[in-house]
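*Asks:* Starting from the known structure of chain F, arrange chain G on it as the hints suggest.
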Amino acid sequence: MTTSPTLPTFQAKDFKSDLKPIWCPGCGDFGVVQAIYRALSAVGRPPHEIAFVSGIGCSSRIPGYTTAYGFNSVHGRALPIAQGIKLANPDLLVLVAGGDGDGFSIGGGHVPHAIRRNMDLTYIVMDNQIYGLTKGQLSPTSPKGLKTVTSEYGSLEEAVNPLLYVLAYGANFVAQGTPADMAGLADIIERAIRYPGFSFVNVQSPCVTFGEEEQQVKAHRANMKTLASVGHDATSRIAAMDLAQQYGRTLHTGVFYENPTPPTTMDGLVRERQQAQVGEAKPRARVLERFIQK
Amino acid sequence: MSDLVIGMAGSGGDGIVSAGESLISSAAYEGYYAMMTKSFGSQVRGGESSCRVRLSTERVLNPGGTLDVAVALNWEDFLRFGAELPVSGSTVVIYESKTGVAPDKIPLVGVAPLEVFAVPIGDMAKQAAGSDKAKNTVVLGLISGWFGIPRAGILRGLAKKFARKGEELVKANEKAFELGEAFAREHPLATPRTLDPPTAGQGSKMLTDGNDMCAAASVVAGCEFFGGYPITPSTEIMQFYTREIWKYGGAVIQAEDEIAGVGAALGASFAGTKSMTATSGPGMSLKTEILGLATIAEIPLVVVNVQRGGPSTGLPTKPEQSDLFQAAFSAHGDVLRPVLAPTSVGDTFAVTVAAFNIAEHFQTPVILLSDQEVAQRKEVVDLIDTSRFEIEERRRPNATELENYARFRLTEDGISPISHPGMKGGNYQGAGIEHNEQGNPTASGKIHEKMNEKRFKKLQPLKHRKDLFRVEGNPNAPLALVSWGSIAGVAEEAYGRARAEGLDVKLMVPWLVYPIAEEVFRDFFASVKSGLVVESSYQGQFYRLLRMFTDVPGCVRSFCRSGANPIQPREIVTALRAAAVDLQHNVHQVASQD
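If you read the protein sequences in the order shown, they are chains F and G.
When the count follows our numbering, it moves up by one through the first sequence with no breaks and lands on 1129 for the last residue.
When the count follows our numbering, it moves up by one through the second sequence with no breaks and lands on 858 for the last residue.
For reference, chain F alone in the conformation it holds in the complex (with noise of 0.2 Å):
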């Protein structure tokens, strides 16, 4: 249904709403919604047909910033809220969007089940090593040693690799991008939201006010690797995986993994079950029979 040539199409600032993002200047927030603007357009669904999801910190906010139908959640829930919406109604291009803390923390948990139900939707995780909203505490992804409020002297744990995570626990399309570079972002969010199933992509956004001088957007600029460049099999969940380690020292953009025959998804099934057991339908009144013994 994407691809009728009578449908309108869209440009960026289509999806733009009016509302002014409460981002800090200079926050790599804007480029990634910029990139969202972008990949939306040239996917071409209206923004009527489009639910965004998000859960609770700086990035979660984006939703409010585009035109789509919009839920900025709780803490760490955007994931399951987003498969409700997707059973509910498959047609629905569906995106999910937050923070590392939101998705590799409080909401850690969500993250396996939903790579494994496969749904086709996009997340979409604004990395920035650092609890923003909160001003400054320590976040999943913050490296071993870092100072912050909540480690005076150093944290001692070591950081969550999102990408790792997420290939191991079997995701079919994973990407990292950097609004360092825009088109390149752009382009990844729109491959992932055109992949049918489950997509994910990283995207070290920088936190201007509380991040680490080598994770602004100039460094980022400065030492980015594009996975093309290294000549990565992205068809190779396992050269991913290797690749993938490298988290936290070097900055891989592009995609990690994309599977070349994509397996079902939750929703395509739920959708085949429901077309095969339809013709058993009664009136719902009807429900109440089998109780009767006859």
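Do not take every clue at face value.
Okay, derived cross-link-like pairs now, EDC-like style, lysine to aspartate or glutamate, Cα gap no bigger than 20 Å in a straight line [said to hold, decoys possible]:
1. LYS1117/F x GLU654/G
2. LYS722/G x GLU782/G
3. LYS851/F x GLU667/G
4. LYS1129/F x GLU285/G
5. LYS688/G x ASP926/F
6. LYS397/G x GLU285/G
7. LYS1117/F x GLU508/G
8. LYS1129/F x ASP646/G
9. LYS688/G x ASP1022/F
Everything labelled a hint here was simulated from the structure, so no lab data went into it.
Since we're looking at a predicted model, the values are computed, not measured.
*Replies:* Then chain G, alone, in the frame of chain F:
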């Protein structure tokens, strides 16, 4: 005899629960009313199991008090159930003679049962079927023979049950049944007792439990999505969905945890689908944050809490009514959330439909506060004419309202037309953050006050819904009995008995247990001088809730105890009698002071 209460216990493999199921399904088939409760030891498999079946020619209000018939396949197992299977001087006791306890040694609350029969149940089963597996069928024969329960229904049920396993097994069970019957014939009761024939005809009744009734009612109410996580004693609702909902184009998701279950349900409702989740106390605690989100985002959602004993893991397989405070108050911020409580399997249908209608109409989460007893007991109930029930849909914006659409528009009644993804022009942002009429985030105290007012005001009409309360008896009665949830059936029986004794008492059973309908209770209590609020919790939570919001007459007191301690109608009648005497006494005192 119009009523018969049978209690049976044995070891896990004895098939005692299966015998109870045969009894109740044949009763339903014959046109009796009946109720069956099961109780088990805490083992997942094996261990002791028991059931209670009450058969009657009239509507059954509760599982009954002391047993008319007690069946023990094993005394050790039987006695483990203690107060759940009380034997009195009017009980006929039947037991497996091999358990080897002399009748006078049976430690039964110091009461000599009316009659005691030691029956070689195991041997009879072996004789009939070559194995003692048919013990439960022998028991059915004994009960049918002694108490006149129609044999046709039971035999028909057995034939159906064993049909898949071959003709031979059907025949063997018939023989086991007949041996039981013959034993009863040869050893007649000294005081014969025969159940009257049913007043209704065959096929006029339904048999189910509260969880299945709730699930079926939700389908009738238009629900098409269930998100949940397995938890005793609510899981059967989700199981029903996994079998049925696909036919109606709906879906079910067994989530990774309780939070994801309610999250998915909320998402589905946001997407425009009627939706529900079900859980018990521990799961309810976990779902709390998302319930707050449903309140502020004004999303319809039905949340079933099948209460069990708490706190924490508590008594997972026993009923209690101790989650009322949680249902009413567990939220941060100012929250008003309707709570409805069914009292029986029969009224679970109407209360579930009401829960969906209220959720959809008022765009709010609604808690359907069931309990283990209502949810898992089986009842024979009258057929339900579903055409009597109106099914409500949430108010969608029309074309005019979609121009310049504001999702949270401040309207006269506080209800704003609700759009959903896919609806052009209805685009908005749902949020847990406070928002203005358009749905955009705000930190304005002024708007927050207005939105709180909206969310409270829209629910006020609920308090005037007379159909959500049942009031019986003389409107001017000085004595009152108030009860809710499964225990209301016990209170109702006590009410009947007290009236028969000449006590001037009236009965109030609310289905809407929160918010407290101040006016309804003010009117009810206007004539009341004394009375009881009967419930199954340590604190007497409904009594306290009533006192928080209404003027409960000072002599009305709480009659409550922790769950898994059954309350009997006679205790309530005794307490009412005492209240009546006190009242008389007070009246005389006042008179003498004049």
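*Asks:* Each hint needs a verdict: does it hold in this structure or not?
*Replies:* Hint check:
1. LYS1117/F x GLU654/G: holds, 18 Å
2. LYS722/G x GLU782/G: holds, 16 Å
3. LYS851/F x GLU667/G: Holds, at roughly 19 Å.
4. LYS1129/F x GLU285/G: Status holds; Cα separation ~15 Å.
5. LYS688/G x ASP926/F: holds, 14 Å
6. LYS397/G x GLU285/G: Holds: LYS397/G and GLU285/G sit about 16 Å apart, inside 20 Å.
7. LYS1117/F x GLU508/G: holds, 11 Å
8. LYS1129/F x ASP646/G: Holds, at roughly 14 Å.
9. LYS688/G x ASP1022/F: violated, 27 Å
When the structure is compared with the earlier hints, a violation turns up for hint 9 alone.
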